[in-house]
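Peer 1: Once you've looked at the hints, dock chain W against the given chain H.
Protein chains: 2
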Amino acid sequence: MASIGVESIGSECSAKELYYLLTRLRQLGIQSIFGVPGDYNLRLLDFVTPSGLHWVGTCNELNAAYAADGYARINGLSALITTFGVGELSAINGIAGAYAEKAAVIHIVGTPARALQDSRSLMHHTFADGEYRRFGKMAEHVTVTQTNLVDERTVPEQVDWALKQAVLHSRPVYIEVPDDMVNVLVSAERLGSELEVPGSLEVDEKEDALLKQVQERIYQAQQPLILVDGECRPLGILSQVDELVKKTGWPTWTTVFGKSLVNEELPNVYGHYSGPLASEEWKTYFETADLIINLGPHYSDTNTQGFATIPRESVSISFLPDRILVGKDTFRELPRSFLPRLLQSLDGSRIAGVTGPPKLSHTDLATLNLDGPITQKTFYDFVNPLFRPEDLILTETGTASHGGREFQLPRDTRLFGAVTWLSIGYMLPATLGAAIAKRELKKDDNARAILFIGDGSLQMSVQEISTIISEKLNVILFIINNAGYTIERAIHGRKQAYNDIAAWRHDHALGFFGADKSQLGNNFSARTYQELQTVLSDERIQFGTGLRVIEVFMDREDVTGLLANLINSQIAKEQKQ
Amino acid sequence: MASIGVESIGSECSAKELYYLLTRLRQLGIQSIFGVPGDYNLRLLDFVTPSGLHWVGTCNELNAAYAADGYARINGLSALITTFGVGELSAINGIAGAYAEKAAVIHIVGTPARALQDSRSLMHHTFADGEYRRFGKMAEHVTVTQTNLVDERTVPEQVDWALKQAVLHSRPVYIEVPDDMVNVLVSAERLGSELEVPGSLEVDEKEDALLKQVQERIYQAQQPLILVDGECRPLGILSQVDELVKKTGWPTWTTVFGKSLVNEELPNVYGHYSGPLASEEWKTYFETADLIINLGPHYSDTNTQGFATIPRESVSISFLPDRILVGKDTFRELPRSFLPRLLQSLDGSRIAGVTGPPKLSHTDLATLNLDGPITQKTFYDFVNPLFRPEDLILTETGTASHGGREFQLPRDTRLFGAVTWLSIGYMLPATLGAAIAKRELKKDDNARAILFIGDGSLQMSVQEISTIISEKLNVILFIINNAGYTIERAIHGRKQAYNDIAAWRHDHALGFFGADKSQLGNNFSARTYQELQTVLSDERIQFGTGLRVIEVFMDREDVTGLLANLINSQIAKEQKQ
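Order-wise, the sequence lines are chains H and W.
The first sequence begins at 1 in the working numbering and counts up one residue at a time.
The second sequence begins at 1 in the working numbering and counts up one residue at a time.
Here chain H stands alone, though its shape is the one from the complex (with noise of 0.2 Å):
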């Protein structure tokens, strides 16, 4: 398409606006763009595939907004284009999570030609009240930037501070492109440097002050420990993080949160701490340290399990996006780069070689008697051979969250939790997000994910299974069939109707949503272990490709943990009455 690319005139370079605009986020390391075509958005659309970049159509805007949260927890970016009214209102759900837990989402939105607005014309895809901020006004909320593309003089550089404002907080932005913008030309100048994001500047004195004194608290500690939280990963810390547990050699723990954003296999981390369900020894080496290095954290109730992981101020050393807390004292305004610098000036000769806790121990699957139904106490514990270095590994709000809490994950492997949000349906399409992403990342076609999913949850967003079938993409989708809402059932109500679903026949998805007759025998169920190790050993799930579904039946009720206290305290209750 010639009319796509940089265009001179005279002496000046110009670019149609949507060029502009794809093109720092191909900079960015965007390759696919999430959405849904609608009329104020289909000469927008024009421009996705001669821009180098996939267009990955989904089913519905929430669907391509929990993706393209996917994408951008793997990739850093993604962006996702609705259109007007109806398109991104019904995304919005997805962008608030993806705001609430720290996914950079670039929400494009197609809107009617600047005339229509201007003139308050009484258009489809709004109240037939003239009024056109209401969309916009409802987008405050949920993204830290918005901008309005309507002036050609202004477009470069609010596409520029729009997308360094989601890459500086890791979090939505909105951009509304009004039908006859998109073929409008704006310079293109800026195009040919890629976009900086500020640092901090280096502020010398005040930080090799607070250098010293970190270093010196680690030096002391006897009893430290590592606490790796989710939002490592928006502070873009991962490989620090990594350096820290490699060189001080000390117990590490993660939230659900910071799930798998340290390697497990290291041995010295310990995998996810659960406060009061954890053993006695965990805790009282938690309750009774003398240091926490407290990396990203992220306090909501039910990351901190109802904060009752949250570190003891008076011990800790917490590393938060904007500031770095040492007990009671705050410290602004410091550069990116003194977590590295301490990481560099650190001396191992003076750092206590210290001997953590016994770590987890995991049912022995020898004495498991293999006839008998599958439960939610050892399922998890079952399946984890499965996984291979590099997966993605997804585990949706409900019981499989909670499950998946306890996997012993291999090296660079990414494990998404339950953490804030908590929006059943996300985790589906938030599959189809991240493997595109991991897959384009890797380079590799083998790229694998594993979801859990109870049968709940499923039917909030099950048409992605279709998107993820025409994208070819290796994912393995565990539906763990317990009859409808059991998370629900644990915290309220175990026996209402309101908690049961419809039952669906799972073994038809694959035909119904287009599979091609070569997929159609990935479909496999399981009741007892015996046949869940029968499933498992197949050479589809071992080494296949494509969508492999398979059902797996629980009990109702069956709940772990947390659940299960909330659940006996609802049984207890019920013989009182």
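Do not rely on the hints blindly, as some may be mistaken.
Said to hold, decoys possible - Taking lysine-lysine and the DSS-like style, the derived pairs with C-alpha atoms no more than 25 Å apart in a straight line are:
no., chain 1, residue 1, chain 2, residue 2
1, H, 495, W, 472
2, W, 495, H, 472
3, H, 137, H, 377
4, H, 495, H, 377
5, W, 206, W, 359
6, W, 576, W, 495
7, W, 137, H, 137
Said to hold, decoys possible - Quick look at which bits of chain W chain H covers, simulated, 3 or more residues with Cβ under 8 Å:
no., region
8, 33 to 41
9, 48 to 55
10, 95 to 102
11, 294 to 302
12, 417 to 428
13, 462 to 468
14, 507 to 521
It is worth saying that the hints were derived from the structure and are not from the lab.
The structure presented is a predicted model; accordingly, all values stated were derived computationally and were not measured.
Don't be surprised by glycine CBs; every beta carbon is placed ideally from N, CA and C.
Peer 2: Leaving out everything else, chain W in the frame of chain H:
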């Protein structure tokens, strides 16, 4: 459940807060409530069934909102229950549609307990920043009133105010119920009397003068017509519309939104007026009319064929929700009794007998080549004989809603079409909601709904097929399989890949979504008129119950009317290039 109901405390009468709200909903004629459970609304859901309401759990919240919208358009009022944040934002596009097209949906949101909100606790389903007011702020843009039930002293008034607003404006309202408030006792005094929606005062003098003026215009008219638009429904004047059309015998047309709101079996009712696409005789009659009685106008571009069917001001008398326009003059603060009074006072002998233009000629099916492929041009005429009085007929945005405009509807049918919001994915869940409302209102399990939907729209919200099955509704679902978003192809990008969708095997739908064995045979498909005829004459279609699926294959660029103009202009442009 003994805890639900009105209680006596000393001499005062009190009720649990939720019971108060749900009792009011029942008094206003709501029998079913739609929604999805979530952990901030579970205690609230405990009240639904014991209050005598039918709980309809949908697969996700957007679909619940669409279903509630469909229910409200048949029943006058509906209710939807979601959970804080994730649930309500998933539903918000459906609420916006109800706002745009005037359906009174009571959106009840279960929120975190007051103590958590007051202490700015970092709970899940928030952004973990202590801010609890964001979602309520977003709701302000798409609802007529918002109220937060945190104070037991004012709850009855708050509930009554919100419900009155919904009824008065026939638009959605937003009610927040903190988790710890559902059981709080509130005064039940008001429950003794039904909610009264205030009317305007009688304003004799002004009203009498206007009455006379309108009467005279009617008596003088020589080439008059009546235009029935969609806001007659929220205005609640359907019986007066019927009376006026019968009493005058004048040529009567409808808009898209007004379709089915007047009995098309009456000899003077012409059907849909399509403006530029109408016959020359119709256009001439419309454009040279000396009086247009314009009932419930709604002037979006899509409802007016690009503003082409808006009656000339000088010859119009327009009845709007809050005013009557006579030519350039506006009359406000008139009582609702104005139209009944006008009808009662009209002297039939002074009303001109008018001969309108010839009626629309429909396809002569006798000459049709039955072996030919099914086309948009003839399909709608071909299936038309299937319809019976009292049927609900729903035509999703796309080719279906364009085709459905020319249906000849039996009396007492109701048709849903694409009006202004045009959110694809709406119509399948709306069918669910509307069919439930119809069944309840008619007290007839044989009530029937017939949905026409494209394969692209179907993918958006397909899971609600499951709820249609589990609710045992009698639905005939025509899937127009034309391999993608054909309406978007017509608008722009007819060959572009972004308008393609993955091919599904629709014949697996009943199996996948859990139909029982006796229903699995209710699958049909047709590529030719001969095949379609065979399907339509099948007794399962004519007299069967439950869900029946008919897949109809059409060409991917087969469009008619306005859409044909659009696609032809694309082709013309391509040929020039």
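Peer 1: So, for every hint listed, does it hold in this structure?
Peer 2: The hints, checked one at a time:
{"no.": "1", "hint": "H/495 - W/472", "in the structure": "holds (23 Å)"}
{"no.": "2", "hint": "W/495 - H/472", "in the structure": "holds (23 Å)"}
{"no.": "3", "hint": "H/137 - H/377", "in the structure": "violated (46 Å)"}
{"no.": "4", "hint": "H/495 - H/377", "in the structure": "holds (21 Å)"}
{"no.": "5", "hint": "W/206 - W/359", "in the structure": "violated (39 Å)"}
{"no.": "6", "hint": "W/576 - W/495", "in the structure": "holds (16 Å)"}
{"no.": "7", "hint": "W/137 - H/137", "in the structure": "holds (9 Å)"}
{"no.": "8", "hint": "33 to 41", "in the structure": "holds (count 3)"}
{"no.": "9", "hint": "48 to 55", "in the structure": "holds (count 3)"}
{"no.": "10", "hint": "95 to 102", "in the structure": "holds (count 4)"}
{"no.": "11", "hint": "294 to 302", "in the structure": "holds (count 5)"}
{"no.": "12", "hint": "417 to 428", "in the structure": "holds (count 6)"}
{"no.": "13", "hint": "462 to 468", "in the structure": "holds (count 4)"}
{"no.": "14", "hint": "507 to 521", "in the structure": "holds (count 6)"}
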